[in-house]
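J.: One letter stands for each residue in the lines below.
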Amino acid sequence: MTPTAVSLAAEVRAGQRSARDVVDEALATVDAGDGQYHAFLSLMPDEARAAADAVDAAVAAGRDPGPLAGVPVALKDNLCTRGAVTTCGSRILEGWRPPYDATVVTALRRSGAIALGKANMDEFAMGSSTENSAFGATRNPRDITKVPGGSSGGSAAAVAAGFTPLGIGSDTGGSIRQPAALCGVVGMKPTYGRVSRYGLVAFASSLDQIGPFATTVEDAALLFDVLAGHDPLDSTSLPSQPEATVATVHDGVEGVRVGLCRDLVDGCSPDVVARVREAADALAGAGAKVEEVSVPEFGYGLSAYYLIAPAEASSNLARYDGVRYGLRVNAEDVAAMNTATRTAGFGAEVKRRIMLGTYALSAGYYDAYYAQAQRVRTLVMQAFDRAYSSYDVLLGATAPTTAFDVGAKVDDPMAMYMNDVCTIPSNLSGHPALSVPFGGGEDGLPVGVQVLAPALQEALLFRVAQVIEDGAP
Amino acid sequence: MTDWEMVIGLEVHCELQTATKLFCGCRNAFGDEPNVNICPTCLGLPGSLPVLNEQAVEFAMRIGAALHCEIRPSEFARKNYFYPDQAKDYQISQYDLPLNADGWLELPDGSRVGVTRAHMEEDTGKLTHIGASGRINAALAALVDYNRSGVPLVEIVSEPDIRTAAQARAYASELRGILVATGASDGRMEEGSMRVDANVSVRPAGTEAFGTRCEIKNLNSLRSLVRAIEYEAARQIALLESGDTVTQETRHWDESAGRTDSMRSKEEANDYRYFPEPDLVPLAPDAAWQEKVRAGLGAMPADRRAVLAAALGGAPTEAEADQIHAVVDLGLDTLVTTAADGGVPVALALARAANEVAAGGQAGRALDPETYAAALALESGGQLSATQSKAVLGALLERGGGDPAAVAKEMGFEALASDTLGAVLDEVIAAHPDEWARFVEGDDKLMGFFTGAVMKATSGKANGKEVAAELRSRRG
Numbered sequence: 001m002t003p004t005a006v007s008l009a010a011e012v013r014a015g016q017r018s019a020r021d022v023v024d025e026a027l028a029t030v031d032a033g034d035g036q037y038h039a040f041l042s043l044m045p046d047e048a049r050a051a052a053d054a055v056d057a058a059v060a061a062g063r064d065p066g067p068l069a070g071v072p073v074a075l076k077d078n079l080c081t082r083g084a085v086t087t088c089g090s091r092i093l094e095g096w097r098p099p100y101d102a103t104v105v106t107a108l109r110r111s112g113a114i115a116l117g118k119a120n121m122d123e124f125a126m127g128s129s130t131e132n133s134a135f136g137a138t139r140n141p142r143d144i145t146k147v148p149g150g151s152s153g154g155s156a157a158a159v160a161a162g163f164t165p166l167g168i169g170s171d172t173g174g175s176i177r178q179p180a181a182l183c184g185v186v187g188m189k190p191t192y193g194r195v196s197r198y199g200l201v202a203f204a205s206s207l208d209q210i211g212p213f214a215t216t217v218e219d220a221a222l223l224f225d226v227l228a229g230h231d232p233l234d235s236t237s238l239p240s241q242p243e244a245t246v247a248t249v250h251d252g253v254e255g256v257r258v259g260l261c262r263d264l265v266d267g268c269s270p271d272v273v274a275r276v277r278e279a280a281d282a283l284a285g286a287g288a289k290v291e292e293v294s295v296p297e298f299g300y301g302l303s304a305y306y307l308i309a310p311a312e313a314s315s316n317l318a319r320y321d322g323v324r325y326g327l328r329v330n331a332e333d334v335a336a337m338n339t340a341t342r343t344a345g346f347g348a349e350v351k352r353r354i355m356l357g358t359y360a361l362s363a364g365y366y367d368a369y370y371a372q373a374q375r376v377r378t379l380v381m382q383a384f385d386r387a388y389s390s391y392d393v394l395l396g397a398t399a400p401t402t403a404f405d406v407g408a409k410v411d412d413p414m415a416m417y418m419n420d421v422c423t424i425p426s427n428l429s430g431h432p433a434l435s436v437p438f439g440g441g442e443d444g445l446p447v448g449v450q451v452l453a454p455a456l457q458e459a460l461l462f463r464v465a466q467v468i469e470d471g472a473p
Numbered sequence: 001m002t003d004w005e006m007v008i009g010l011e012v013h014c015e016l017q018t019a020t021k022l023f024c025g026c027r028n029a030f031g032d033e034p035n036v037n038i039c040p041t042c043l044g045l046p047g048s049l050p051v052l053n054e055q056a057v058e059f060a061m062r063i064g065a066a067l068h069c070e071i072r073p074s075e076f077a078r079k080n081y082f083y084p085d086q087a088k089d090y091q092i093s094q095y096d097l098p099l100n101a102d103g104w105l106e107l108p109d110g111s112r113v114g115v116t117r118a119h120m121e122e123d124t125g126k127l128t129h130i131g132a133s134g135r136i137n138a139a140l141a142a143l144v145d146y147n148r149s150g151v152p153l154v155e156i157v158s159e160p161d162i163r164t165a166a167q168a169r170a171y172a173s174e175l176r177g178i179l180v181a182t183g184a185s186d187g188r189m190e191e192g193s194m195r196v197d198a199n200v201s202v203r204p205a206g207t208e209a210f211g212t213r214c215e216i217k218n219l220n221s222l223r224s225l226v227r228a229i230e231y232e233a234a235r236q237i238a239l240l241e242s243g244d245t246v247t248q249e250t251r252h253w254d255e256s257a258g259r260t261d262s263m264r265s266k267e268e269a270n271d272y273r274y275f276p277e278p279d280l281v282p283l284a285p286d287a288a289w290q291e292k293v294r295a296g297l298g299a300m301p302a303d304r305r306a307v308l309a310a311a312l313g314g315a316p317t318e319a320e321a322d323q324i325h326a327v328v329d330l331g332l333d334t335l336v337t338t339a340a341d342g343g344v345p346v347a348l349a350l351a352r353a354a355n356e357v358a359a360g361g362q363a364g365r366a367l368d369p370e371t372y373a374a375a376l377a378l379e380s381g382g383q384l385s386a387t388q389s390k391a392v393l394g395a396l397l398e399r400g401g402g403d404p405a406a407v408a409k410e411m412g413f414e415a416l417a418s419d420t421l422g423a424v425l426d427e428v429i430a431a432h433p434d435e436w437a438r439f440v441e442g443d444d445k446l447m448g449f450f451t452g453a454v455m456k457a458t459s460g461k462a463n464g465k466e467v468a469a470e471l472r473s474r475r476g
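Chains as they are written, first to last, in the working numbering: chain A, 1 to 473; chain B, 1 to 476.
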């Protein structure tokens with residue numbers, strides 16, 4: 001069992017263990033073990049050791065090295081790291097080194113955390129299995145014949161494999177929570193605007209949100225506290241300064257009203273449904289008031305999402321045109337060069353979504369597709385508001401099944417998209433939600449239970465998740 | 001033969017003279033080395049995000065207020081199209097919810113042109129094509145300067161209310177004056193900080209339905225605007241009179257050839273796939289901000305022309321009206337009003353500003369009003385002749401200022417003492433006894449003759465007014 005971030009940071013802060021030692025060990029472990037998982041696309045050994053030395057120097061000088069002193073972190077490869085290759089799992093950005101750090105990367109450094117390397121992902125975060133990476137799939141550390149989920153499968157796998165206590169992912173339609181569930185770790189999507197998106201390579205700007213992976217709820221809360229906060233470089237960043245959530249993680253759920261949401265378990269496999277109900281029982285046993293609730297509008301979320309996200313993506317990904325950075329395939333004129341570059345640089349799923357999104361925004365189709373999807377999005381938000389007038393949190397499954405076989409769904413996009421059916425509503429509403437491991441399925445693979453809360457209720461989310469974690473079999 | 005009427009609408013893009021760009025902290029400057037004022041955001045690097053510049057919003061609101069627009073809750077949208085000068089391959093603009101809408105602009109002749117909207121958007125980078133014709137498809141290479149990428153623009157779209165090329169010119173000229181007066185833009189067409197596109201169609205005079213329009217681009221001066229509209233209208237009339245039809249398309253004005261050429265037809269036009277920009281929040285300036293902007297607006301050119309006209313007392317002559325226009329266009333009216341406040345006759349202050357100071361270009365615009373007033377006071381007070389006064393002004397402009405009296409002295413322009421004037425007059429009268437006799441009998445036309453003779457004898461140092469007074473007193 002790898003140490004938690006809380007215990008590791010405590011040791012480093014107390015000078016009982018050097019950050020350099022932690023980092024050297026982590027690099028060695030990845031080196032020895034990642035061949036079978038392919039969680040990382042690239043490591044940052046020089047930067048990591050330099051950062052560790054800076055932490056050790058701070059400790060030696062009696063300065064505060066930060067709450068995550070010496071804790072290695074796996075960064076999803078769509079987070080810009082100054083001078084270090086950032087590919088988004090795409091050929092079109094192969095070898096691209098950003099000239100700047102994402103705001104969350106800066107926040108991690110200030111906290112004393114050590115960015116160990118860049119984790120694998122579905123190309124441009126489009127996928128639910130990390131099989132859409134241009135640089136090879138990631139395998140699930142619980143069973144290497146299974147996918148780790150996606151799109152943040154590399155970060156989830158790095159944490160599940162014990163390479164790093166913490167990971168950072170991005171969640172546009174469930175890309176943190178679903179791989180967390182499939183890999184048996186905690187994964188959380190904060191309220192939209194709570195964590196800066198500056199330096200996160202955009203997939204669907206109105207849905208993307210950065211969040212933590214960890215092995216425990218408390219670690220996830222600690223990392224969330226480091227990531228959250230206003231950023232003047234992101235216009236959609238919320239102005240208020242959030243209160244620390246880690247302090248109240250163990251405060252329990254006495255009197256908390258929990259809505260067990262039928263629409264977030266119906267259609268899931270029986271073992272997954274059983275675990276969600278057991279988690280509800282655990283909450284009830286800890287003093288929460290649990291009732292079943294139905295929010296039928298959630299059923300429309302998937303369709304709306306698969307119009308809005310591709311529409312935004314079709315615009316966000318236009319910039320990969322071969323003119324300024326990344327791949328360029330030369331051709332007789334500019335337009336031909338654009339086409340040749342994008343044809344060679346993007347994978348099939350990315351092309352599919354660019355075409356889908358372009359179509360949804362086209363003259364004559366905009367109202368029927370994009371505008372209609374936005375109206376559905378509004379309906380889903382109103383449905384959440386209605387549910388939250390009676391309940392403090394909602395409970396459901398994170399993913400319909402446990403981890404599926406590598407290759408099982410690569411030729412069936414719709415089957416792959418169905419993986420996101422339980423996670424998408426929170427992206428459409430911008431609300432926080434997390435996945436916490438709770439027992440296993442019939443195949444012995446981990447099951448994730450999803451907790452959903454209203455905007456800015458991350459502290460409550462972690463409190464509920466902690467009770468589920470404590471009650472897990 | 002049918003009589004044809006032009007229907008013209010203008011789309012004017014103006015760059016705002018903010019300190020920094022619209023969505024990032026890069027310097028907004030013209031003429032720097034290429035690609036020095038750039039950052040992840042204006043280069044459209046992956047992961048970068050836009051943050052709206054408050055000063056740009058304020059400038060855009062000033063323009064809206066000056067054009068009598070309603071300032072509304074607005075939103076940014078993405079206009080999607082591929083082009084190498086577009087860092088993100090979309091332009092952040094305003095689409096269905098512009099900041100300013102439903103205004104008007106009054107032309108000097110009193111007619112009004114409707115302003116449909118005045119919205120905010122970002123400029124693109126600047127492409128330079130190397131080799132071949134310079135047009136993109138035939139160039140050997142293209143260089144992109146992203147210094148201009150993200151520079152704030154306001155696009156002002158007029159209603160199709162304009163009926164002649166001269167009116168179009170008056171609109172563009174008046175709009176430029178307004179932009180400069182708001183402080184939002186320097187309105188320099190030659191530097192591209194104000195760019196005009198013209199939508200031109202023709203219809204039989206007296207009919208209501210609009211003809212098919214063409215949009216003319218690449219109009220880099222007011223002269224181009226007039227020439228292009230006249231050419232285009234004639235082209236369309238010729239087509240229609242020969243039984244042909246006009247194709248809706250975008251056309252490029254070729255200044256040297258004096259003609260418009262087809263760029264792309266409506267069928268080839270882009271589908272821009274506008275949608276709300278998810279990286280920005282809606283922009284809705286509150287009433288207090290709007291009020292502050294409206295209250296802070298200075299006088300507009302029309303008001304300033306009215307002030308000068310009123311100061312003249314009585315209706316301006318045509319020449320004076322032209323002078324007023326020139327003075328206000330160049331922003332020299334403070335010179336005139338300051339001099340007038342100092343007792344200088346308005347007509348004199350106006351004439352010298354519209355001619356000598358205007359000719360000084362940038363030096364003229366930089367001239368200190370008090371210095372100008374002091375210089376003209378020497379002339380109106382009789383210490384300097386008109387010729388001397390003009391020379392002193394020229395010297396002041398050349399030197400970028402100075403003490404007019406000292407400059408006059410340095411140039412040797414000292415007023416003639418009265419007794420010297422008397423002696424010179426004695427000589428002049430003695431040399432022209434016949435003319436003097438006629439003058440004494442009341443032939444006032446000879447006043448100029450004698451004044452000129454005195455000026456000649458004194459190399460211009462004599463004061464015209466003193467000479468006239470002396471001549472009158474001697475005539476008795």
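These are calculated hints, taken from the structure and not from any lab test. Fair warning: there could be bad hints in the mix.
Anything over 10 Å on all C-beta distances counts as not near chain B; from chain A, calculated [as the list claims (entries may be wrong)]: (1) A54; (2) S206; (3) A318; (4) A335; (5) G441.
Computed beta-carbon distance windows for the label pairs [said to hold, decoys possible]: (6) P99(A) to D102(B): 39 to 47 Å; (7) A336(A) to T207(B): 44 to 52 Å; (8) S262(B) to Y365(A): 24 to 32 Å; (9) A209(B) to Y365(A): 28 to 36 Å; (10) H129(B) to A344(A): 21 to 29 Å.
Heads up, the beta-carbon is just placed ideally off N, CA and C, and yes, glycines get one too.
J.: Which hint numbers does the structure go against, in order from smallest to largest?
T.: Of the numbered hints, 2, 3 and 4 do not hold.
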